[in-house]
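Chain by chain, the residues run as shown.
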Amino acid sequence: MSGVRVLVGTRKGAFVLTSDGKRERWKVSGPHFAGWEIYHLKGSPADPDRLYASQSSGWFGQVIQRSCDAGKTWEAAGNQFTYDGVPGTHQWYDGTQHPWKFARVWHLEPSLTDPDTVYAGVEDAALFRTTDGGQTWQELPGLREHESGPSWQPGAGGMCLHTIVLDPANPQRIYVAISAAGAFRSDDGGKTWRPINRGLKSQGIADPNAEVGHCVHRIAMHRSRPGVLFMQKHWDVMRSDNAGDSWQEVSGNLPTDFGFPIDVHAHEPDTIYVVPIKSDSEHYPPDGKLRVYRSRTGGNEWEPLTKGLPQRDCYVNVLRDAMAVDALDACGVYFGTTGGQVYASADAGDSWAPIVRDLPAVLSVEVQTLS
Amino acid sequence: MIRVVLPAHLRTLARVDGEVSLAVEGQATRRSVLDALESRYPMLRGTIRDHVTQERRAFLRFFACEQDLSHEPADAALPDAVAAGDEPYLVVGAMAGG
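Protein sequence lines correspond, in order, to chains A and B.
With the first letter of the first sequence counted as 1, position 265 gets the number 265 in our numbering; the numbers rise by one all the way through.
With the first letter of the second sequence counted as 1, position 88 gets the number 88 in our numbering; the numbers rise by one all the way through.
Accuracy of the hints is not assured; some may be wrong.
To be verified - Taking lysine to aspartate or glutamate and the EDC-like style, the derived pairs with C-alpha atoms no more than 20 Å apart in a straight line are: (1) A:Lys101 with B:Glu38; (2) A:Lys191 with A:Asp167; (3) A:Lys101 with A:Asp116; (4) A:Lys289 with A:Glu303; (5) A:Lys101 with B:Asp50; (6) A:Lys27 with A:Asp49.
I should point out that these hints are in silico values taken from the structure, not numbers from a laboratory.
Could you build the full structure based on these sequences and the hints that come with them?
This is the structure in C-alpha cells:
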C-alpha cells in the first residue's frame, strides 16, 4: 500500500501529515517541538524512517532533532556548528565587514545513499556535514573560504545557505545557493567551489552581471536529468542546461517573476512549478489570487493553476522551502503558506485542496513517498 | 545538592519535570553548575551558553535569592543558600513575545 508523509516546519513547531496513496484523507500529527521554529525537516532517501529536523529559537539557539521511527519519537542530536579555523568577515548591510557568526540551520539535506550522512546549510552562510547521524558536524570550509566570501552580503532574511542539491548521478557534485551571494557548485565532494551565476542579472547590485551577489531563492533539479537546473531568483525564473555554467531566463508569460519556491514534477523533467509573488516588498500573490504556475515546456510558457485555491482576498506568501512533490502517479504537489495552510494536489496541480488550514506560518514542506 | 529551575522549553528538551537536583564537585559557581547540568543533560549544551565561548545566550538570565546574577563572573561563588540547596538557581528566559 503506497502512501505519503508530508513533513511541515512552522514558526511554532513541526507537523507530520500522512495519507494513503489516494491522498484524500489525512492524519495530522503535531505540534512536535511546540513553540520552536522548525526551519526544515527532511527524511533520508536511504531510510525513510530516519528524519532530521532543525529546531531553533531566539532564546535557546539551535537544536537538531533526529527520529529513527518516522517521527513517532525524536532525540536531540549534536548542535555544535563551529566554523573551521578563524572564520573571517563578510559584507554587512551597510557595506562594512562583519564577522561570520553562526545563527541557525536553514536546510538539512540527507545523503541520497547513507542515512547517517546529512548536509546542513546554515546562517551565516556555510555548509556543514555529519557522517554519524547528526552527533557531530564538520564544516566544509572551502565554500566559505572562496575568494569571493568577503564580498557576500546578507539578504533581508540573513546571509543564509538555504538550498542544497545533491547530484544523483555524480556523488562528487553538490549545488548550493546563498542569499545574497548566488549559486555555487562543487565537483569534488565539497572541497572546492565555483560560483555558477553566469547569465543572472540582478538590478539591486552595483554590477547587475556580477559573478557573485545575486539573491538566488531556490534551485530545483529532476533526478533523471541532473545537468538541467531551474532557479527562482529574487526576480526572474532561470534555467541552466549545463549544470549551472550558464543560465537563461524562462520567466515567459508569468504575471510576476518574483517568488520563492520552484520544483519539478516527479515524472516529467520539463514540468516545473512556481508561485508568483507580487514583489519583494509585497510578499503576497498578485491581485489577491493564490495561483501556482506550471510550465510543461521547461519554462517560458506558463499556465495558472487555480482550482481549489483562493482567488480573492488572499495575501499569504509561500517561502522557498515550502513546496515539494511526491513520486506517486499522478504526481502530487504540495505547498505551505505563511497563513498556515498546506495545500495538496493529487493530480499534478490541476486541482488543489487544503490538508490543514490553520497551522502557524509554514516555513518548509517536504514529502516522502512511502511504498 | 544544587537545585536548578529551567525554563519550560528546556525542561521539555531535557525531558524533566520540575526542578533538577545536581551534585556539584567543589565550589558552586555558574560554571560548575552548568557543567554538571550539561553533563547530565547533554541536549542542553549550546542552549544556555555558547559551545565555544561559554557566554550566556543573550535572552537568558540567571537569578537566585531574588538577585540577578547574570553579570557575575562565571567562577564567582553562588550564594550560600544556593550552595546549600535551600534556594534554587533559576535559568530564566527573557519575557518576550514572538
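Proposed proximity, aspartate 50 (chain B) with lysine 101 (chain A) (alpha carbon, max 20 Å): holds, 12 Å
Given hint glutamate 38 (chain B) paired with lysine 101 (chain A) - CA-CA distance at most 20 Å: violated, 23 Å
Restraint status (C-alpha distance of lysine 191 (chain A) to aspartate 167 (chain A) at most 20 Å): holds, 15 Å
Hinted pair lysine 289 (chain A) and glutamate 303 (chain A), Cα distance within 20 Å: Given that 20 Å is the threshold and the Cα spacing comes to 14 Å, the pair holds.
Pairwise hint evaluation, aspartate 49 (chain A) against lysine 27 (chain A), where the allowed Cα distance is 20 Å at most: holds, 17 Å
Proposed proximity, aspartate 116 (chain A) with lysine 101 (chain A) (alpha carbon, max 20 Å): Distance of about 26 Å is beyond 20 Å: violated.
Violated hints for the displayed structure, listed by number in ascending order: 1 and 3.
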